[in-house]
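J.: Letter by letter, the chains look like this.
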Amino acid sequence: MGKLWLICIASISILLPFLCNAFSPETPTDRRVLVLLDDFAIMSSHSLYFNALKSRGFDLEFKLADDPKIALQRYGQYLYDALILFCPSVERFGGSIDVAAIVNFVDSGHDLIVAADVNASDLIREVGTECGVDFDEDPSAMVIDHIGYAVSGTEGDHTLIASDDFIKSDVILGGKKIEAPILFRGIGHAVSPANSLVLKVLSASPSAYSANPKSKLSTPPPLTGSAISLVSIVQARNNARLLITGSLSMFSNRFFRSGVQKAGSQTKHEKSGNEQFLTEISKWIFHERGHLKAVNVKHHRVGETDEPALYRINDELEYAVEIYEWSGTSWEPYVANDVQLQFYMMSPYVLKTLSSDKKGLYSTSFKVPDVYGVFQFKVEHQKLGYTSLSLSKQIPVRPYRHNEYERFIPAAYPYYGAAFSMMAGFFIFSFAHLYSK
Amino acid sequence: MATMPASASDLLKSFKLKTKQQELLIRVSILCLVYILAFITRLFSVLRYESMIHEFDPYFNYRTTLYLTENGFYDFWNWFDYESWYPLGRIVGGTLYPGLMVTAVLIYRILRFLRFAVHIREVCVLTAPFFASNTTLVAYFFGKEIWDSGAGLVAAILIAVCPGYISRSVAGSYDNEGVAIFALLFTFYVFVKAVNTGSLAWSLASAFGYFYMVSAWGGYVFIINLIPLYVLVLLITGRYSMRLYVAYNCMYILGMLLAMQIRFVGFQHVQSGEHMAAMGVFFLMQVFYFLDWVKHMLSDTKLFQAFLRITVTSAVAVGGIALGLGMVSGYISPWTGRFYSLLDPTYAKDHIPIIASVSEHQPTAWSSFMFDFHILLFLFPAGLYFCFKRLSDATIFIVMYGLTSMYFAGVMVRLILVATPAVCLISAIAVSATVKNLTVLLRSKNKVVQTGSTKGSGGSKSSSKALLDQSQPFQKNGAIALLFGAFYLLSRYATHCTWVTSEAYSSPSIVLAARGAHGNRVIFDDYREAYFWLRQNTPQDAKVMSWWDYGYQITAMGNRAVIVDNNTWNNTHIATVGRAMSSYEDEAIEIIRSLDVDYVLVVFGGVTGYSSDDINKFLWMVRIGGGVFPVIKEPDYLVNGEYRVDKGAAPKMLNCLMYKLCYYRFGEMMTEYGKPPGYDRARGVEIGNKDVKLEHLEEAFTTSNWIVRIYRVKPPNNRW
Numbered sequence: 001m002g003k004l005w006l007i008c009i010a011s012i013s014i015l016l017p018f019l020c021n022a023f024s025p026e027t028p029t030d031r032r033v034l035v036l037l038d039d040f041a042i043m044s045s046h047s048l049y050f051n052a053l054k055s056r057g058f059d060l061e062f063k064l065a066d067d068p069k070i071a072l073q074r075y076g077q078y079l080y081d082a083l084i085l086f087c088p089s090v091e092r093f094g095g096s097i098d099v100a101a102i103v104n105f106v107d108s109g110h111d112l113i114v115a116a117d118v119n120a121s122d123l124i125r126e127v128g129t130e131c132g133v134d135f136d137e138d139p140s141a142m143v144i145d146h147i148g149y150a151v152s153g154t155e156g157d158h159t160l161i162a163s164d165d166f167i168k169s170d171v172i173l174g175g176k177k178i179e180a181p182i183l184f185r186g187i188g189h190a191v192s193p194a195n196s197l198v199l200k201v202l203s204a205s206p207s208a209y210s211a212n213p214k215s216k217l218s219t220p221p222p223l224t225g226s227a228i229s230l231v232s233i234v235q236a237r238n239n240a241r242l243l244i245t246g247s248l249s250m251f252s253n254r255f256f257r258s259g260v261q262k263a264g265s266q267t268k269h270e271k272s273g274n275e276q277f278l279t280e281i282s283k284w285i286f287h288e289r290g291h292l293k294a295v296n297v298k299h300h301r302v303g304e305t306d307e308p309a310l311y312r313i314n315d316e317l318e319y320a321v322e323i324y325e326w327s328g329t330s331w332e333p334y335v336a337n338d339v340q341l342q343f344y345m346m347s348p349y350v351l352k353t354l355s356s357d358k359k360g361l362y363s364t365s366f367k368v369p370d371v372y373g374v375f376q377f378k379v380e381h382q383k384l385g386y387t388s389l390s391l392s393k394q395i396p397v398r399p400y401r402h403n404e405y406e407r408f409i410p411a412a413y414p415y416y417g418a419a420f421s422m423m424a425g426f427f428i429f430s431f432a433h434l435y436s437k
Numbered sequence: 001m002a003t004m005p006a007s008a009s010d011l012l013k014s015f016k017l018k019t020k021q022q023e024l025l026i027r028v029s030i031l032c033l034v035y036i037l038a039f040i041t042r043l044f045s046v047l048r049y050e051s052m053i054h055e056f057d058p059y060f061n062y063r064t065t066l067y068l069t070e071n072g073f074y075d076f077w078n079w080f081d082y083e084s085w086y087p088l089g090r091i092v093g094g095t096l097y098p099g100l101m102v103t104a105v106l107i108y109r110i111l112r113f114l115r116f117a118v119h120i121r122e123v124c125v126l127t128a129p130f131f132a133s134n135t136t137l138v139a140y141f142f143g144k145e146i147w148d149s150g151a152g153l154v155a156a157i158l159i160a161v162c163p164g165y166i167s168r169s170v171a172g173s174y175d176n177e178g179v180a181i182f183a184l185l186f187t188f189y190v191f192v193k194a195v196n197t198g199s200l201a202w203s204l205a206s207a208f209g210y211f212y213m214v215s216a217w218g219g220y221v222f223i224i225n226l227i228p229l230y231v232l233v234l235l236i237t238g239r240y241s242m243r244l245y246v247a248y249n250c251m252y253i254l255g256m257l258l259a260m261q262i263r264f265v266g267f268q269h270v271q272s273g274e275h276m277a278a279m280g281v282f283f284l285m286q287v288f289y290f291l292d293w294v295k296h297m298l299s300d301t302k303l304f305q306a307f308l309r310i311t312v313t314s315a316v317a318v319g320g321i322a323l324g325l326g327m328v329s330g331y332i333s334p335w336t337g338r339f340y341s342l343l344d345p346t347y348a349k350d351h352i353p354i355i356a357s358v359s360e361h362q363p364t365a366w367s368s369f370m371f372d373f374h375i376l377l378f379l380f381p382a383g384l385y386f387c388f389k390r391l392s393d394a395t396i397f398i399v400m401y402g403l404t405s406m407y408f409a410g411v412m413v414r415l416i417l418v419a420t421p422a423v424c425l426i427s428a429i430a431v432s433a434t435v436k437n438l439t440v441l442l443r444s445k446n447k448v449v450q451t452g453s454t455k456g457s458g459g460s461k462s463s464s465k466a467l468l469d470q471s472q473p474f475q476k477n478g479a480i481a482l483l484f485g486a487f488y489l490l491s492r493y494a495t496h497c498t499w500v501t502s503e504a505y506s507s508p509s510i511v512l513a514a515r516g517a518h519g520n521r522v523i524f525d526d527y528r529e530a531y532f533w534l535r536q537n538t539p540q541d542a543k544v545m546s547w548w549d550y551g552y553q554i555t556a557m558g559n560r561a562v563i564v565d566n567n568t569w570n571n572t573h574i575a576t577v578g579r580a581m582s583s584y585e586d587e588a589i590e591i592i593r594s595l596d597v598d599y600v601l602v603v604f605g606g607v608t609g610y611s612s613d614d615i616n617k618f619l620w621m622v623r624i625g626g627g628v629f630p631v632i633k634e635p636d637y638l639v640n641g642e643y644r645v646d647k648g649a650a651p652k653m654l655n656c657l658m659y660k661l662c663y664y665r666f667g668e669m670m671t672e673y674g675k676p677p678g679y680d681r682a683r684g685v686e687i688g689n690k691d692v693k694l695e696h697l698e699e700a701f702t703t704s705n706w707i708v709r710i711y712r713v714k715p716p717n718n719r720w
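From first to last, the protein sequence lines stand for chains A and B. Following UniProt numbering, the numbering of the first sequence begins with 1 at its first residue and continues without gaps. Following UniProt numbering, the numbering of the second sequence begins with 1 at its first residue and continues without gaps.
No lab work stands behind these hints, which were simulated from the structure alone. Virtual Cβ for every residue (Gly too), placed ideally from N, Cα, C. Careful, some of the hints might be misleading.
Derived pair list, reagent style BS3-like, types lysine-lysine, alpha-carbon separation capped at 27 Å [what the hints assert, rightly or not]:
hint : chain 1 : residue 1 : chain 2 : residue 2
1    : A       : Lys-293   : A       : Lys-378
2    : A       : Lys-393   : B       : Lys-714
3    : A       : Lys-437   : B       : Lys-295
Taking beta-carbon pairs under 10 Å as the criterion, some of the chain B residues facing chain A (in silico) [what the hints assert, rightly or not]:
hint : residue
4    : Tyr-74
5    : Trp-77
6    : Tyr-82
7    : Tyr-86
8    : Gly-89
9    : Arg-263
10   : Tyr-385
11   : Phe-388
12   : Ser-392
13   : Asp-541
14   : Ser-594
15   : Pro-715
Cβ pair distances, simulated, as ranges [unchecked claim]:
hint : chain 1 : residue 1 : chain 2 : residue 2 : range
16   : B       : Glu-668   : A       : Val-99    : 26 to 32 Å
17   : A       : Lys-298   : B       : Gly-72    : 29 to 35 Å
18   : B       : Ile-91    : A       : Ile-428   : 41 to 47 Å
19   : B       : Glu-634   : A       : Pro-333   : 55 to 61 Å
20   : A       : Val-335   : B       : Lys-693   : 46 to 52 Å
21   : A       : Val-302   : B       : Gly-330   : 35 to 41 Å
22   : B       : Gly-72    : A       : Ala-411   : 31 to 37 Å
23   : A       : Lys-176   : B       : Ile-91    : 55 to 61 Å
Working from the sequences, and respecting the hints, build out all of it.
T.: Next comes the structure, spelled out in C-alpha cells:
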C-alpha cells in the first residue's frame with residue numbers, strides 16, 4: 001500500500017510540471033486543444049493540418065460535436081487552452097457546451113478556430129456573429145468568382161477560388177512570403193462594421209460575389225467584391241485570438257496538396273498556399289508569435305533608484321520598461337522603434353518615443369510638466385498582429401512645498417531694502433521724537 | 001445695581017457679603033450656569049445617536065484634522081490631496097481655512113498633555129459646543145460694553161440657546177462656523193472696546209481676533225466690510241476721534257498683514273474687490289487726520305474751506321483713478337459671484353447655478369426667521385429703539401451690525417447665523433432696559449409707600465419719574481403684569497429653543513431617523529453602510545463618481561478617490577459629472593471612461609420616502625451641466641415645465657443615466673401596501689420606466705433601504 005502511494009506521489013511530482021504547463025502568462029503558447037468534428041472522417045481527410053499542429057507540440061483531443069460528454073470546463077477550471085470547431089453542420093453541441101459557453105471560453109482568454117461551410121448551421125453562424133462576422137444569410141450561397149477562380153480540369157461553377165489578397169502583416173502570416181494563392185471553397189462572410197477588432201486576413205477579389213451557384217441570380221447578391229472576407233481574425237481585448245473562415249475544405253489534405261493556377265495567370269504553382277498560410281496563421285492564433293509582455297516597469301527621479309510615491313512638478317524623471325516577445329519557446333527581446341510613453345492626465349501632457357537598447361529595455365527621461373494632478377504613465381502599444389500592450393500606472397504629481405520655492409530672488413531685494421530701511425527710519429524717528437527736546 | 005432681583009439679594013444678605021460682592025457672585029454664577037447650559041443643550045445628537053460627525057462639510061474638516069494630527073502641521077500645510085477631484089487633485093493646505101483644524105488639534109494636544117486619553121473625533125464633535133459656550137462669555141462682555149452688565153447677562157443667556165446659532169454648533173457639526181462665530185463676536189467686541197478706549201492694546205487684540213476669524217471662515221469678509229462701513233458712518237456723523245483713528249488703523253494694518261499669512265487668502269486681501277472698502281476707508285482716515293492737522297495749523301477758516309475742497313476733491317479723484325486703473329489692469333480682481341449674489345439675491349439664480357443649487361444659499365423664508373429667532377424677532381426693533389435713544393459709538397456699531405446682518409440673513413438662509421449674535425445683543429438690550437425700568441418703577445413705588453416723604457434719597461431721575469407716575473393708578477400692578485408678561489415670553493423662548501434644538505437641529509443627516517407605523521423610531525444607516533462597503537470591497541485606487549454632495553463623505557468614510565466633492569472649486573468638472581448623469585447611458589459611458597471612473601454612486605429615496613435624493617436634485621445637475629455643455633437642455637427633461645418621473649415624464653428623463661441608476665430593478669418592487677409595484681414613495685407616483693436595462697454598468701451594491709446604490713462600470717466588451 002505504501003509503495004502504491006509512493007508511486008502515485010512520484011508520478012504526480014513528475015507529471016506536475018507538464019500538467020501545469022498550460023496556458024499561462026509565462027508561456028503563452030496553447031497546449032491542450034479540443035477539436036470538435038462533425039464526424040471522425042475529418043480526422044483523416046484533414047490529417048496534414050492536424051499533424052502539423054501535433055508536430056509543434058499541441059495535444060489535440062478529437063471529439064464529436066454532439067458527444068454528450070464534452071465539456072470545456074470542470075470545477076471552474078478550463079480543460080483546454082484552445083478550441084477548434086470543424087463542425088459546420090452541428091445543430092446542437094453535446095454536453096454542456098453552447099454558444100454562451102464558447103463565448104465565455106474566449107472571454108477568459110482562450111483561443112478559437114471556427115470553420116463554417118456551405119449549409120453552415122445556425123449555431124455556427126451564431127458563433128460567428130458573436131465573434132463579429134456575419135456569414136451570408138442564404139444557406140446555400142457560396143463565394144463565386146468568375147475571374148479569380150482556380151483553374152481546374154473541368155469547367156466548374158467557379159466556386160473554387162484562388163485568392164491571394166492577404167493582410168500585410170509579417171507577424172500574422174510569418175516572415176516568408178506566401179507565393180501560391182489560397183484555394184477556397186465555401187461560404188463568404190462580412191466583418192461587422194460595429195466591431196473594431198475583427199480583421200480580414202484573406203479577402204475575396206473585387207470580382208467575387210456570394211450567391212447560390214445552382215440558381216439564377218434574381219436579385220443583386222448581398223455580399224460582393226472585396227467586402228467578402230474569406231478568412232478573418234479577431235484579437236479580443238484580453239488577447240484571446242480567433243480565426244473564422246467559411247471553408248472547412250481549405251484545411252483539407254486535398255487542398256493542401258493540390259496545385260493551383262489562378263485563372264488568367266500563366267504561373268502554375270505545384271502546391272497551393274493553403275498549408276503555409278494556415279500553418280502560419282495557426283502559429284499566430286496559438287500565440288507562438290506576436291505575443292508581447294512588459295515587465296519591470298520602473299520610474300524614478302534622475303539620479304535616484306527608488307520609486308517615489310509621488311512626483312513634484314518640474315521633477316526630472318526616468319522611465320523604463322522591458323518588453324519581450326514570445327517566440328514559441330522562449331521570451332526574446334522585442335525590437336521596435338515606435339513604443340511610446342504618455343504622461344497622461346485626461347490628455348497626454350508628455351508623449352515620448354521610448355528608446356530601445358535592442359535587448360528589450362525601453363527607456364526615456366523627461367521633465368514632469370508644471371501641472372499638478374493625478375497622472376498616469378501610459379504605454380499603449382497596439383500594433384497590428386501583436387497583442388495589445390496597455391500599461392498604465394497612476395502617479396500623483398504635487399506642487400511645490402512651501403520651502404521648495406527659490407529664496408532670495410534678486411527681484412525681491414528692493415522689497416527687503418524697503419522693509420529694513422522702514423524699520424531703521426522708524427527707529428531713528430522714534431528716537432528723535434522722544435529725545436529731541 | 002438695580003438689575004439684581006430683590007428676593008435674591010435678601011437671600012445673599014445671610015452670607016454677610018457686601019452688595020458689590022453679592023452682585024459679583026450672582027453675576028459669576030449666572031455666567032457659569034449659562035456657560036454650562038450652552039454646552040449641554042447642544043448634546044442632544046450625541047445622546048440620541050452617537051458621538052459622530054454630521055452632514056457633509058464636517059467630514060472633510062474631520063478628515064483634514066485627522067491628517068493634521070497624524071502628519072503634523074507642515075505636511076498639513078503642504079498637503080496635496082489626490083483622492084479628491086480626480087484627476088486634478090486639490091491642494092488642501094492652500095484651499096481651506098485651517099483655523100478650525102488647528103484649534104481642534106490644539107485642544108486635543110492640551111487634553112493629551114493633561115493625560116486625558118481622548119480620541120480626536122471626540123474633540124472634533126465637541127469643538128462647536130465648547131466654542132458656543134465661549135461665545136456666551138464674549139456676548140456678556142460685549143453686552144456690558146455697549147449697554148450694561150445686565151444687558152450682557154441677558155445677551156449671554158439669549159445667545160446660549162438661540163436656535164439660529166445652535167443650528168450650526170450642535171455637537172458633531174464640526175464646521176468652520178462653529179468657531180467662526182466666536183471669533184467674529186470676539187473681534188467685534190474687542191474692536192468696540194478699542195474704539196471706546198482708544199487703546200492700542202485692545203486694537204491689537206482685535207487684529208488678532210480678526211486673524212483668527214480669517215483663519216477660520218470665509219465670512220471674515222463681513223468683518224472687513226462692516227468695520228470700514230462703521231468707521232465711515234462715524235466719520236459722516238461727525239464722531240471722528242483720535243480713539244477711532246488708533247483703533248481702526250492699527251486693526252486694519254496689523255489685521256491685513258496677519259490675514260495675508262493664511263494661504264487661502266494671501267494677496268486677495270489687498271487685491272480683490274471685496275477688500276477694497278477697507279483700504280479706501282484707511283486712506284480716508286489719513287486724509288481726515290491730515291485735514292484735522294491743517295485746520296489746527298491754519299487759523300483762517302476761509303482758507304481752510306478752500307483747502308478742504310481741494311484736498312477732498314483730489315483725494316476722491318486719486319482714489320477713483322487708482323481703483324479704475326487697478327480694475328482695468330486686472331490687479332484688483334472683481335467681486336466674486338458669491339459676493340454679487342449677496343448684494344443682488346437674483347444674481348446666482350441667473351448666472352451661477354452651482355451657488356443657487358445649495359439649499360443653504362436660498363433666500364430665507366419668513367417662517368425660518370420665526371423658527372430661529374422666536375421672540376427675538378419682536379425684541380429686535382425694541383432694542384434698536386433703545387439703542388437710538390442712547391446713541392454712542394458702541395450702540396452705533398451694534399445697530400449697524402444688526403441691520404446689515406439682518407439684510408444678509410434675508411438673502412441667504414445660512415447667514416441667519418451671522419445675524420444671530422447681533423439680534424441676541426440688541427434684544428438683550430431691549431429686555432434688560434425694559435425689565436430694569438419696570439423694576440425701578442416697582443421699587444421706587446415701594447419706597448414712596450414705605451418712607452413717604454423721602455424723595456431725595458433715590459436717584460434723581462427715577463424719583464422724579466416715580467413722582468410723575470404717582471398720578472397714574474394701577475401703575476404698580478401694570479408693572480407687575482408687564483414683568484410677568486416678559487418672563488412668560490422669555491420662558492416661552494427657552495421652551496421653543498429647546499424644542500427646536502431637539503427636533504430640528506440635532507439630526508446628524510448621515511443617519512436618518514423616521515417614525516415607523518407604530519410610532520417607533522426607525523434608523524436608516526444606509527450612508528455609512530454604503531461607504532463601508534466601498535472601503536471594504538473596492539480596489540484601493542478605485543474612483544467613485546457621484547454628485548458632489550457626497551464627495552467629502554466618500555473620501556472621508558469610504559477612503560476612495562472621488563471625481564467631484566463639496567469644495568466646488570471647478571465648475572467644469574462638476575458640469576462634466578452633471579452631463580454624464582443627464583445623458584443617455586451610451587453617451588455617459590464615454591464621459592465615465594474618460595474620467596477613469598470605476599464606480600457610480602447614486603442616492604435614491606424612492607423606497608424610504610427620503611426626499612433629498614438625487615432624483616430631486618437632478619434638475620440642478622441638468623442646469624449645471626447645461627451651463628457648460630449646451631447639449632444638455634433643461635426643457636428636454638420637463639413636460640410643460642413640470643418635472644415628473646411617472647408615465648408622463650419626458651422621454652429623455654426616462655432614459656437618462658440618473659433615472660436608470662435610481663430606478664434599476666425598482667419597477668418590480670412593492671414599496672407600499674395597496675400601491676402598484678414601482679411606486680416611488682418620495683414623489684408619490686408610480687414610475688414611468690419600469691423596465692430599466694443597463695448596458696455598460698452593473699449593480700454592485702444597494703443598501704438595505706435602497707438609499708445608496710452603487711454601480712460598477714463594466715470593462716469594454718471583450719470582442720467588440
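J.: So, for every hint listed, does it hold in this structure?
T.: Quick rundown of the hints versus the structure:
Our distance criterion of 27 Å between C-alpha atoms is met by Lys-293 of chain A and Lys-378 of chain A, whose separation comes to about 15 Å. This hinted pair checks out: Lys-393 of chain A and Lys-714 of chain B have alpha carbons roughly 20 Å apart, not beyond 27 Å. Restraint check: the Cα-Cα separation between Lys-437 of chain A and Lys-295 of chain B comes to about 25 Å, which is no more than 27 Å; the hinted pair holds. Annotation: interface hint on Tyr-74 of chain B holds; nearest CB of chain A at approximately 8 Å, less than 10 Å.
Interface hint status for Trp-77 of chain B: upheld, as the beta-carbon distance to the closest one in chain A is roughly 6 Å, under 10 Å. Taken as an interface hint, Tyr-82 of chain B checks out: its beta carbon lies about 4 Å from the nearest beta carbon of chain A, inside 10 Å. For the restraint placing Tyr-86 of chain B at the interface with chain A, the shortest Cβ-Cβ distance is roughly 6 Å, inside the 10 Å limit, so the hint holds. Interface restraint check: Gly-89 of chain B against chain A, minimum CB-CB distance 5 Å, threshold 10 Å, status holds.
Among the interface hints, the one on Arg-263 of chain B holds; its C-beta lies about 8 Å from the nearest C-beta in chain A, closer than the 10 Å criterion. Given the 10 Å rule on beta carbons, the hint for Tyr-385 of chain B is violated: about 47 Å separates it from the nearest Cβ of chain A. Restraint check, Phe-388 of chain B versus chain A: the minimum CB separation of about 42 Å is more than 10 Å; hint violated. Hint status for Ser-392 of chain B relative to chain A: violated, with the closest Cβ pair at about 33 Å, above 10 Å.
Satisfaction of the interface hint for Asp-541 of chain B is found here, the shortest Cβ-Cβ separation to chain A being roughly 6 Å, below the 10 Å cut-off. With a least beta-carbon distance of about 7 Å to chain A, the hint placing Ser-594 of chain B at the interface is held under the 10 Å criterion. Satisfaction of the interface hint for Pro-715 of chain B is found here, the shortest Cβ-Cβ separation to chain A being roughly 8 Å, below the 10 Å cut-off. Range check, Glu-668 of chain B to Val-99 of chain A: Cβ separation about 28 Å, and the 26 to 32 Å hint holds.
Range check, Lys-298 of chain A to Gly-72 of chain B: Cβ separation about 31 Å, and the 29 to 35 Å hint holds. Take Ile-91 of chain B and Ile-428 of chain A: their Cβ atoms lie about 43 Å apart, and the range 41 to 47 Å holds. At roughly 58 Å, the beta carbons of Glu-634 of chain B and Pro-333 of chain A sit within the given window of 55 to 61 Å. The supplied range of 46 to 52 Å is met by Val-335 of chain A and Lys-693 of chain B, whose beta-carbon atoms lie about 48 Å from each other.
The supplied range of 35 to 41 Å is met by Val-302 of chain A and Gly-330 of chain B, whose beta-carbon atoms lie about 38 Å from each other. The hint said 31 to 37 Å for the Cβ distance between Gly-72 of chain B and Ala-411 of chain A, and at roughly 32 Å that hint holds. The given range of 55 to 61 Å is respected by Lys-176 of chain A and Ile-91 of chain B, whose C-beta atoms sit roughly 59 Å from each other.
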